[in-house]
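Sequences listed follow chains A and B, in order.
So the number in my numbering is just where the residue sits in the first sequence, counting from 1, plus 661.
So the number in my numbering is just where the residue sits in the second sequence, counting from 1, plus 17.
Wrong hints could be hidden among the right ones.
With a straight-line Cα cutoff of 27 Å, these simulated DSSO-like cross-link-like pairs (lysine-lysine) come out [unchecked claim]: (1) LYS991/A with LYS116/B; (2) LYS164/B with LYS699/A; (3) LYS115/B with LYS995/A; (4) LYS127/B with LYS171/B; (5) LYS116/B with LYS695/A.
I should point out that these hints are in silico values taken from the structure, not numbers from a laboratory.
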Amino acid sequence: MRICKARRQSFTIPNDLVEDILSRLPVKSLMRFKCVSKAWHTLISSRRFAKSHFQRASQNPSCMNVIVFTDNCVLSLGYEALFQTCVHGQPVDVDFQGFPLWGEEYVETNLASCNGLVCIELYNRRKRTSEYLVWNPSTKSYKNIPRPTSTPDSMSCWFYRFGFGYDYSTDDHKIVRPFQIFPFDIKRIEIFSLKTFTWKTILVDVDNIYNCSLPLIPKTTYCNGAIYWSARKYGKPSIVYFDLAEEIFHELPWPESVLYCIRDKSSGKCFYTTGLWELGTFGEHLCLSVCTGESRKNLCIQLWVMKESWTRLATIPYLGTCLRPMCVSKNGEKVLMRETQVKYVGITGEWYYKLVEWNLTDHTCTSILCDPNPRMEAATYVESLYLQ
Amino acid sequence: MSNTSENPKPSSSSAKMTLKTSDNELFEVEEAVAMKFCTVKQYFEDEKDSDVAARGSTTVIPLPNVHSAVLATLISYGKKLPQSNAVADNHEEEETKKKERKKYEQGLLKNLMPGELLDLISAANYLDFKEGLEFFNQALADHIQNKSVEYVRKFFGIKNDYEPHEEEKYREEYAWAFEGVDED
Chain A
662 MRICKARRQS FTIPNDLVED ILSRLPVKSL MRFKCVSKAW HTLISSRRFA KSHFQRASQN
722 PSCMNVIVFT DNCVLSLGYE ALFQTCVHGQ PVDVDFQGFP LWGEEYVETN LASCNGLVCI
782 ELYNRRKRTS EYLVWNPSTK SYKNIPRPTS TPDSMSCWFY RFGFGYDYST DDHKIVRPFQ
842 IFPFDIKRIE IFSLKTFTWK TILVDVDNIY NCSLPLIPKT TYCNGAIYWS ARKYGKPSIV
902 YFDLAEEIFH ELPWPESVLY CIRDKSSGKC FYTTGLWELG TFGEHLCLSV CTGESRKNLC
962 IQLWVMKESW TRLATIPYLG TCLRPMCVSK NGEKVLMRET QVKYVGITGE WYYKLVEWNL
1022 TDHTCTSILC DPNPRMEAAT YVESLYLQ
Chain B
18 MSNTSENPKP SSSSAKMTLK TSDNELFEVE EAVAMKFCTV KQYFEDEKDS DVAARGSTTV
78 IPLPNVHSAV LATLISYGKK LPQSNAVADN HEEEETKKKE RKKYEQGLLK NLMPGELLDL
138 ISAANYLDFK EGLEFFNQAL ADHIQNKSVE YVRKFFGIKN DYEPHEEEKY REEYAWAFEG
198 VDED
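Please build the complete structure, drawing on both the sequences and the hints.
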């Protein structure tokens, strides 16, 4: 097809088409094209464009990345690298001012991610205090989060594992920290809004089901506007979630057919698997990875996804460790998971993590990073323009 | 330049419509394909309501904003799309058709000059041809993805309204975004 130049009408592409075309581009290109003109700079920097760009990217499995924090560096794995064996990950230059990642030994680094942003927590085990930073690995921008002004003395209260999520109703990313004040057992939650850049504390409704213990160790999961904790209620496993828009806690029913108490037929004793389950995500659904089975010798890991109700996705062999689902490949066959292992040195348990990939069709498992590091925290993120 | 349907076996059951381009070329197109151009569909439905002529046989729909070369490509692309009135294929047939379409799409893009993409997008937008717009917008995005700022300005005819020192500062601060860019 050739058009004679004389006939060709001069065509200035209308703005809505420019937006459509630009929303398909990767973040690196867009950050460069902010330099094209002031109009393009305004468009690409706008919140509205970030939202539409993110919506498109989140539908594209190729835009999924994994960020890994080892005990001395940060690595990034793109989609192409993720579902292949023996990858090294790209080292990422991080230099967060006033936020030393590899400082004291008693300060641990924890991650939570959602909608294109990663929230990093530096938890000081001695003082029981936390510092936060929100980072966009695609745009390389970050923001140090101020300390909550009304944080109660850390010795008189107990903070549960923090969560990081996106509130659809206000188009806002939030950090949440539920806590409990001794000795009155009053439960509250601190919420930081990235939009207003302020903290607020709200009381948890007394009628609410928040009568379970939220553990400190296992991570939270963000899914569809809510943050999920793996909890325990009167010895039974319990899934508790905080709806960011409503600001209310709810409990998600446990899938009925999943046994957490496995009775040994010969001895009649109960083997509890209440500690052996993790929440994660499978695509846009909440995914439960639970160790269960008919008997203690016949354990397996079942993967369930929450759609309208719990649906069993797959069963994979139990190899002695618990697996947290992180992300799934384009064809839905492979799942990237974080494996948790506990090694005991005397009576002290140390937690070790590995990234593995399970093939759901042929039940094979492969380690992802070639040089796995014992202290590894990983989080998935989608390329986005939030926080530029 | 073909101005008749390329279908080797013209089916008597499918009605045809005539489209007239800006350079006065006439294109006879099967109704199923023409209906993908929502602007044409709207015109046709308006005509039907006003009861002017028999179904598309004598009506010539004018497209004053579309050149014949552009329309030829859009019609050709429209024909390759799954037809809404077609009998449902089984899975195998669907897969074969998908592969054929992919091959056609690759061939089409290979022979296209970047400037022609803008004309196709403009026409697809005017004709409200959603699938065509989706395809060509993506093709354009893929084309400019790794291009330099200067290339993009020239391509879209955008004037640089930055002061030299402003631009310099931006380039320094975001040097990583300027790495590995295609040579102009």
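Looking back at the numbered hints, which does the structure fail to meet, lowest number first? Of the numbered hints, just 5 does not hold.
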